[in-house]
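Visitor: Residue numbers (the UniProt record's numbering), protein chains in the order written: chain A, 1 to 547; chain B, 1 to 547; chain C, 1 to 547.
Derived by calculation from the structure, the hints in this document are not laboratory data.
Yeah, the Cβ is synthetic: ideal placement off N, Cα and C, and Gly gets one too.
Treat the hints with care, since some could be wrong.
Unchecked claim - Covered stretches of chain A (chain B as the covering partner; in silico rule of three or more C-beta atoms under 8 angstroms from a C-beta of chain B):
#: 1; stretch: 36-46
#: 2; stretch: 213-227
#: 3; stretch: 243-253
#: 4; stretch: 333-343
#: 5; stretch: 364-374
#: 6; stretch: 483-494
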Amino acid sequence: MNAVTLKAPLAMTVALAAFPAVDPALAQDASLEERLAALEARVAAAERRAEQAEQRAIRAENQIAQRQAPARRTTEEEEPVSAPESALEEPTDERLAKAVRHAEGKEGFSYEAYARSGLLIGENGKSVPGGPYLSPAGPLGGAVGRLGNEPDTYVEAIFNYRQRFDNGARSLYSIMLADSVTTSNDWTAEESNLNLRQAYVELSKLPSFTGPFENASIWAGKRFDRDNFDIHWLDSDFIFLAGTGGGIYDVQLTDQWKANFSLYGRSYSDFDIVTDETAIDGDTDNLTLTANNYVGNWQWMISGLSAADNDDRFNDVRTDSRQVVTTDPDTGDMVVTEETTVTNRGEKGADDGFHTMLVYHGDTFFGLGEGTFKGAILHGQGLGAEVKNIGADGNLTDDAKATRIAVYGTTYLAPGWRVAPMILAETSSDRYVDGDDYQWATVNFRLANELTENFEMQYEASYQYMDLDPKDYRERSSVSGGYSKLTVAPTFKPLVDGFWARPEVRVFASYSDWDDELNAYSDDDSFGTEGFTGGQWSFGTQMEIWF
Amino acid sequence: MNAVTLKAPLAMTVALAAFPAVDPALAQDASLEERLAALEARVAAAERRAEQAEQRAIRAENQIAQRQAPARRTTEEEEPVSAPESALEEPTDERLAKAVRHAEGKEGFSYEAYARSGLLIGENGKSVPGGPYLSPAGPLGGAVGRLGNEPDTYVEAIFNYRQRFDNGARSLYSIMLADSVTTSNDWTAEESNLNLRQAYVELSKLPSFTGPFENASIWAGKRFDRDNFDIHWLDSDFIFLAGTGGGIYDVQLTDQWKANFSLYGRSYSDFDIVTDETAIDGDTDNLTLTANNYVGNWQWMISGLSAADNDDRFNDVRTDSRQVVTTDPDTGDMVVTEETTVTNRGEKGADDGFHTMLVYHGDTFFGLGEGTFKGAILHGQGLGAEVKNIGADGNLTDDAKATRIAVYGTTYLAPGWRVAPMILAETSSDRYVDGDDYQWATVNFRLANELTENFEMQYEASYQYMDLDPKDYRERSSVSGGYSKLTVAPTFKPLVDGFWARPEVRVFASYSDWDDELNAYSDDDSFGTEGFTGGQWSFGTQMEIWF
Amino acid sequence: MNAVTLKAPLAMTVALAAFPAVDPALAQDASLEERLAALEARVAAAERRAEQAEQRAIRAENQIAQRQAPARRTTEEEEPVSAPESALEEPTDERLAKAVRHAEGKEGFSYEAYARSGLLIGENGKSVPGGPYLSPAGPLGGAVGRLGNEPDTYVEAIFNYRQRFDNGARSLYSIMLADSVTTSNDWTAEESNLNLRQAYVELSKLPSFTGPFENASIWAGKRFDRDNFDIHWLDSDFIFLAGTGGGIYDVQLTDQWKANFSLYGRSYSDFDIVTDETAIDGDTDNLTLTANNYVGNWQWMISGLSAADNDDRFNDVRTDSRQVVTTDPDTGDMVVTEETTVTNRGEKGADDGFHTMLVYHGDTFFGLGEGTFKGAILHGQGLGAEVKNIGADGNLTDDAKATRIAVYGTTYLAPGWRVAPMILAETSSDRYVDGDDYQWATVNFRLANELTENFEMQYEASYQYMDLDPKDYRERSSVSGGYSKLTVAPTFKPLVDGFWARPEVRVFASYSDWDDELNAYSDDDSFGTEGFTGGQWSFGTQMEIWF
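With the hints as constraints, model all of the structure from the sequences given.
Guide: Have a look at this one:
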């Protein structure tokens, strides 16, 4: 506002103040003259102000117009080649809106991640084995607590690309690169496990889709199923369905009932088929057809599995070879020939399976207070007896059966004190060998004490009992016993905000111990290796992030 | 607009309506008095409205000013370190323009992709071999139709970074990660082929470049040549020039004639050089110097190839070894020694070559109607006899010669009915062995029936005839015969919009058959493997995307 | 502005021009009548203009309001699911600011890179060995000039993700993919070295951090230390500390003194431990605790290293095996058994070390004029005797000691003539074997003549003298002598702007020569291989970029 306009109201006030003070009865002509003069002054002031307002409005219009001008020229899908470049580069409302959607990950490229990386050092100053699946029950899915127990740099980098089409349809294209190494070095070309875990397209808001399919989306490619979910503290999914295939999500069967249908393929690679004392390399594929049903807080999943010809092969084959000296019948030379003995020590794989899971997704802490809980029961037979990684284990026999329960909840005990108790337990039998029997149960308790807005003390107690009778499968011994771990982890966060706030930068000390008997289970696992037989301290630092 | 201003016009209308109804002749003084009163009312209303307009204009100005204010402070290239952060973060017009260019991929980071992923399952419920290069003519470049014939997850992820410099110059830095696996599993660390296929820099709009170079761009690094183009339905390029080198694009030689010049290196790795019954590991490099000329719709490409010392090695060497027992002269022990026999079964490679291609890029359907077509004839000799992947085959002999034609077109037969016929055929001889002779021709017909804006039925018929006489090169047999494939693929798309609209999510059924004789060509290809001898049904689902 | 408003000022001017011309004394009534008429006209005009200004202001308000409306609705962390989508997608000021920060790499995803790729061809037309570490002093860190001397495609792709939290805290998550290959081919799945070199989280601006920690940031994960810096012309860091660990940066100990503290782990993998004539695979870890102190232009770094049990192994072990025929005691068959001889030819590794570095970061050209310089002296013992890559060499003995100096500067000799002289030299002894002794010194001179804003001629002269007495470590011979290289490189750049402006597209010719004696140093290096014994010309093209 300039000086002139600031003075105008004052002049106006003076003029208006004079106006009502005139007596109309005393001086008609004078009054007319005076009223005219006053009016003339007011009109002049009004004109001045109108002109100023007009100029201001024009300037405002121009400034707004400058931003919008290119919009009219660039509504075409393609930029006209002949348009002046400067015009094309001025930000219009639509182009700004797109830039905002781009920055917010709603259109175009976006990036998601999960990562952890750190040091896990034993009391001797050298790195030690670790990971939630390190106990004998680990290969069966029996995870223990992960806090202060992870030796790896594990990274998932997800690159998304979202498109919006003129008819309102949308598409998402997503790929995931993942890597996992345990070396602490920076250059890891030799140890690298970098690989492409996902590559899929998902289409939604298709105008042709109506009725129950109105909100449905369809997909094909390689992916983790959208409906997988996990118990973070064990690094274990409730359910992990992944592979290559296609499907449809969010079919609205009734007002209450929404369902998803998918077909996933997986490959059983590089195993031996034993034929006449000879081992032949073979491979089979598993196909899983799955339906997921949602009604209120309940989820019911049911899957059928089929792996043609997987019952042609044995799940435990030992190939021994030795070199024997023979005489070449043609030349009489003594030459060396390889003599191979193939021993089938296992049973035939299943060629089909069945799997089901019932889940309650709670929005309270078991009905006792504010918080969350999830509880699930899973059951599978044949190829379905690997109840978490559906279709991922081709060594399961036709008689294999497994039942698992998984429950966890989160709540605040008191201001600044978060707790999360958890149970995961499974019984399975006739898994790989007729008569084998595996029982394990993990109880885990995560506690966090929020001390400042950037710092909390985290504590984790984990106990696992296992009773495993593998019936000599892959020379594993029958064992039973318990594993326990206690961890204290001072933790820094940008914003202390519950169990799922990340990133975290933590240091930790862990003590773990287990029954001696467990060291004898297998020569292939870490229990019982040199210097790792129980009563282990470990220390370290780690970052964890997801977004 | 508030209540006051809404009422103002009404009051004004009343006042104005009263005004013309007064008879000026009858009541002069009264009329003057009334006119004055009416005027006073109108002036008061005008003042009120001017004041409101003024306030509105001031508010509008302020709001616009708030957005522009930081512009004056941040015109510097670098942010002043001492500037208050909040000021630096307000979006100015220039910063908004940059954000828009960023979101539109014109400046900074951008992402491009090609990907396909799906399941290819045979009638026995297991995965089957596939791919457009699966027939005996495949290794020669003889592709067949790809629809319903791809068993892989193939991904190209391209990360671009574009810069604009103060003098108007621009640069593009581009890398491509690519992977190809056939397993359906998600974790593919063991099967991974993840690799970096491109990494190059291209500079354009250089102010120093004038005259014929005014619009030229120069580049160096590893790349796919900018001028490569393909027949999508066969997954075959017309021309695929790639490697590491440098070049210049868009040199304007005359008003009509634009030309590109490039030098590309490639490596011939890990082959055997046979010397005195010994095989020595060797490697040579091919250098290709190429010129591409554009005049109107015509393109003429000409290339010379040179690979020093590539004529030192044979293109088919067999190394046999056996272990023989001998007596150690020092100790008298019987020890085992390896006895190696190297047999040269091939001929010497070429150390140079020549290649040319003439193309017509049509903007109609062969002049018969709306649509597109491309037609090309390619010819090469010596190292140039691999006429598509220039310089990629170091086994070609000095006498090798090949001629290929490639034609395709696209048009609409009727509303909603798209067709794309295609022919690719090649004759080559003295390729790897003196007197060998390879003839093959593929005819492909792609048809799409657009049924809704999100769904179309796609059909593909493909036939390939081949007559291959390899003269026992790598123990391949002389064969002749035909391969045919028919595919039906119900296809979902976000927006049905021609042959090149992607993404697509499709399901498909394919039937393929071939002459029995073709199964005998080679032990290294899929024809003739167990359960894959002709008359094959396959089924599956797949996504495909590019952007 | 429309026609009506354009005419209004004219009408007004006429009315106003008439007004002062009336003689008030001559015609009072007439004057009153005329003045009234004039006033009525002016009021009508003012009303018209006020109305137009009002309409304009309303439109301006509406347009501004449209942009701001959603701001009030989307201040929540999560988008309300029920909000109309169109409202959510209009760009508000805050969302625009975020989009700007996104485009500028200050928030969300951003991309950084280093890359070089090109051809290095010898006078015979085939690729030749190259790289700044190709001389016998190379494995000791003795780099020579890199210009016209690089045979590889080396790429670092850095993906950052920055977050801002409501309490002002910030986090940076960064990963780096890197690859290095020497093949010129595009598909490099077999040669690929693609790996994840970094994955870390860094937290800053934590409100809980006060006092000396107010501006500190903490981190954990795998990374290159933030304080590494290099001599670009040799592709050599002054210091390269990298690995997996955690630390804190920017602790303000006094007004003048800022310090950083970090713990880095590294893995010494896959070496042999010799026990009773048997070699056992082992691995140890190195832990480096480091402190970096900054006072003015000075930097003082001090580090302690510890690698438990690294003194259990020998640094030069030869394993020979032969196959001997024996008689199987059970069967009487003659069978082949492997007889292995392990010879310890080295010494035991160190299990700890010490390292220090003193640096001056100059902001002039050695005080002689405008420019820059950096000078450093480094000293290390035991595991610290690898003075650049701290903790990366587990073969160093307990007695190993090394001292290195590194100096470079940059300045303009004359307008358009940039120069950068450089010295790097080291003496070390008792490195791998008692009594070994290594001396080397490199002098390098980079010169650039800026000819246009897009073109400069670059020149590099490099000389290295080395006197290496390895005492037969890994069968290396004692040698001494000099290496020299001269390179001319015409270079294109988008904007000629000093030594660090990139990208560059260059072609080059190099001549290098060395004393014959150096060819005998080792069978594992390139000196002395066929056709690479000195007096080498090489030619090529290359791009280089970083941002």
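Visitor: All hints, please: hold or fail.
Guide: How the hints compare with the structure:
1. 36-46: Held - the stretch 36-46 of chain A has 6 residues with a Cβ nearer than 8 angstroms to chain B, which meets the minimum of three.
2. 213-227: n = 7 at 8 angstroms, threshold three: holds.
3. 243-253: Contact hint for the stretch 243-253 of chain A vs chain B: holds, 4 residues under 8 angstroms.
4. 333-343: holds (count 4)
5. 364-374: n = 0 at 8 angstroms, threshold three: violated.
6. 483-494: violated (count 0)
This entry does not satisfy hints 5, 6, going by the numbered hints stated previously.
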